[in-house]
Each structure stands twice: as C-alpha cells, then as structure tokens.
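*Asks:* Work out the full structure, taking the sequences as your base and the hints as a guide.
Protein chains: 2
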Amino acid sequence: MLSKKNIMWHEGKVTKQHRNSLNQHKSVTLWFTGLSGSGKSTISVELEKSLHEMGIKTYRLDGDNIRHGLNSDLGFTEKDRYENIRRIGEVSKLMVDAGLITLTAFISPFRKDRKYVRSLMEDGEFVEVYIQASIEACEERDPKGLYKKARDGKIKEFTGIDSPYEAPASPEIHIDTEALTIQESVEKILTYLKDKQYL
Amino acid sequence: MLSKKNIMWHEGKVTKQHRNSLNQHKSVTLWFTGLSGSGKSTISVELEKSLHEMGIKTYRLDGDNIRHGLNSDLGFTEKDRYENIRRIGEVSKLMVDAGLITLTAFISPFRKDRKYVRSLMEDGEFVEVYIQASIEACEERDPKGLYKKARDGKIKEFTGIDSPYEAPASPEIHIDTEALTIQESVEKILTYLKDKQYL
Numbered sequence: 000m001l002s003k004k005n006i007m008w009h010e011g012k013v014t015k016q017h018r019n020s021l022n023q024h025k026s027v028t029l030w031f032t033g034l035s036g037s038g039k040s041t042i043s044v045e046l047e048k049s050l051h052e053m054g055i056k057t058y059r060l061d062g063d064n065i066r067h068g069l070n071s072d073l074g075f076t077e078k079d080r081y082e083n084i085r086r087i088g089e090v091s092k093l094m095v096d097a098g099l100i101t102l103t104a105f106i107s108p109f110r111k112d113r114k115y116v117r118s119l120m121e122d123g124e125f126v127e128v129y130i131q132a133s134i135e136a137c138e139e140r141d142p143k144g145l146y147k148k149a150r151d152g153k154i155k156e157f158t159g160i161d162s163p164y165e166a167p168a169s170p171e172i173h174i175d176t177e178a179l180t181i182q183e184s185v186e187k188i189l190t191y192l193k194d195k196q197y198l
Numbered sequence: 000m001l002s003k004k005n006i007m008w009h010e011g012k013v014t015k016q017h018r019n020s021l022n023q024h025k026s027v028t029l030w031f032t033g034l035s036g037s038g039k040s041t042i043s044v045e046l047e048k049s050l051h052e053m054g055i056k057t058y059r060l061d062g063d064n065i066r067h068g069l070n071s072d073l074g075f076t077e078k079d080r081y082e083n084i085r086r087i088g089e090v091s092k093l094m095v096d097a098g099l100i101t102l103t104a105f106i107s108p109f110r111k112d113r114k115y116v117r118s119l120m121e122d123g124e125f126v127e128v129y130i131q132a133s134i135e136a137c138e139e140r141d142p143k144g145l146y147k148k149a150r151d152g153k154i155k156e157f158t159g160i161d162s163p164y165e166a167p168a169s170p171e172i173h174i175d176t177e178a179l180t181i182q183e184s185v186e187k188i189l190t191y192l193k194d195k196q197y198l
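Protein chains in written order, with numbering that gives the first Met the number 0: chain U, 0 to 198; chain R, 0 to 198.
It is possible that part of the hints are untrue.
Since copy identity is lost for identical chains, a pair holds within one copy or between any two.
Claimed, not checked - Straight-line C-alpha distance at most 27 Å; calculated BS3-like pairs for lysine-lysine:
#1 Lys25 - Lys12
#2 Lys12 - Lys193
#3 Lys193 - Lys15
#4 Lys25 - Lys48
#5 Lys25 - Lys15
#6 Lys187 - Lys12
#7 Lys12 - Lys48
#8 Lys15 - Lys48
#9 Lys143 - Lys12
#10 Lys143 - Lys15
#11 Lys78 - Lys143
By construction, these hints were calculated from the structure, which means they are not laboratory data.
*Replies:* Here it is as structure tokens:
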C-alpha cells in the first residue's frame, strides 16, 4: 500500500545532468534573432538537420508550432508581444532542462526581452545567435511578402519598417547572411558548439 | 550569399518521426490525474527513473517547473485554472513533437479540460493515467499539509473538499494506490507502454 511513510516526494528525480549524460551532449538554447527575412528560419532548420544527423537531441520553436498552439491566445499589442517572448523563453528553459539543444527562431526585436529570457537560464545555457542582414536585403528577399504588406500599410508596427529592431550588442554568435552561405552559417554555429564543448 | 532563390522555407525539417527513429521509441504524453495525495508525483517520478534507466528520453512536468515559470502569471480563478491546464497541454504536445515520453502530474480535476488536452494530440499520443485513492486515504497521507489547510478554511475550492474531482470514465491506465505498491504501479504502466509498443 502507498502509505505516508513510503511517499518520497521529489527525491531521486531524473535531472538535466542525468539527461545530458544519457544524450552525451549538453543542452542549450540557441536563440536566433534578426529581421524578418534575415535567414533565421532557414539557418536554424538546416542547423537542426545537421545536429540531428550527428545524433544530437534537438527541438526547434518557431511561429508555426507556437503561435497556433501555446500562444494562440495572444495578439500583437505591446503586452502580448512581451508575453509571447516570455512564454517562448520559459518553454525553452523546460526544453533545456529536458536535455535538448533548443533552437528558437523569432524576430525578438527588443533587447530587454532577450535579456529577460537570458536571465531565466543558467550561465552558458542561452546562446544568442544574431542573424544579420540589411533591411534592404531582407526587403528584397521578402520570403513571406510581409515587407510589401507593411509598405502598403496592411501590417502595422512591422519590425524594420515602423517598429525598431534592436540589434544585439554582444551576441555569442554573429552571422552576416549577406556574406556567408547557408552552409557556412551552419558550420560557424557548429564550430562554436564544438569549441565551447556543448557537443 | 543567402539569395531569395536558396531560401528553403520549412523544407526538409526534422520531424517527430525522425526524432522517434533516432530515440528508438515513440513519444507520448502520460497524463497523470488524481486527487492531491493520490500518488501522482511519487509514481511519475519513479516511472521516469525506470524509463531513464532503460535509455528512454523523458520529461516530467509538474507544479515545481510550471507554476513558478511558464504559468507564474496565473492565479486560481476558474479561468486561470483552465488556462493552466491548456498551457500544460500545449507544452506536452511540443514535448511529444520533440520525441519525449512526457509525464504530467497535475490534479486536473475536470473532464472537459482533460478532454480538451486529448483533442490537441494525435491518436495514441495522450494516455490518461488515473491515480485513484479515496479522499480518506489522501487526507490521511496529506503529504503537503494541504487537506488540513483546506479543512481549516485556509485554502478555498480545494479539490475533494469544496471543489469536485471528476474521475476519468475510461482512462487508458487505472492505478489504485490503496491496492498497489509504488513498484507495482510503475510496472503496470511499463507493461502498458510495452504492450502498446511505445517502447
């Protein structure tokens, strides 16, 4: 019988350290930030494929799996935009605790929001990956047609047009997608992860 | 250069199927439900240890890692209690997508809330684990002293005292912790997972 004396509340739980040991790699959040069209999604998708092929346990959070699910109750007011990033930060923290290399691909334009997410994590568990491209290059690429809509006034407060993007002052990784190919960008991040012994 | 033509939006992403194949087991949410003191936490902690020792990739969501983080903005109104369960459901869905056997340990007293979470998942990805013990047994165990507080009127709308617990009508797994030991309970769930070929 499950009597009071043999209920062992939260003793001997499986921890992040146990999971990292089983997976044979450290867990970390790779927080991709940059303008719409800078290449965040593309590079994070390709990076995840490379990591997966190496047997690394990964997960990728993006608009597709967040906006229609966990954050489906949020709109685009200032308060909701902050709450959007806060929840993504909290879920990333859980994913890191679960032993995963977690890739997040969101514009996340504000320094204070990114700083807040960093504050949730332990040292070394938040790696800011700044995906840089000029607004001109992003507008030329315009993969989702969003810049055109913003220029036509159909989207308000669009980052880079009528809402600011605050570039990271000292990101752990800085990728200029006007200078590097996708493959070179992926290699640069992999090299960082190996050098810092995440892998 | 990252030109428009070689941006491959969301093509060839790593999927749940790829992750399950790498992990060599299926991913699923084991949704523990039952009264406070029924044994949800104890059994889910012990089950996770057994799974981890078998090399299974797991994660466990409970009050400790949810209420102080993702759901720290929520209180205990009816609306907030629903939102609490909704978010746990959405995070569980992400964890299953990430390839993990996800254990959740929350009272989750209402049938409609559990039904909603089930509706988020694909067939077979939501396994309801009803941890049953009589209110008398739970109150006798009272591991967190909450029943005493509820009886003293210090906690309002406490499940089993002045708020209902709606037992599952047909849970996938039913554990009576007044009849089974912790180890027998864990074995029963492991047997289910093997029989249904999750492992």
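*Asks:* Could you tell me which of the numbered hints above are not met by this structure, giving the numbers in increasing order?
*Replies:* Of the numbered hints, all hold.
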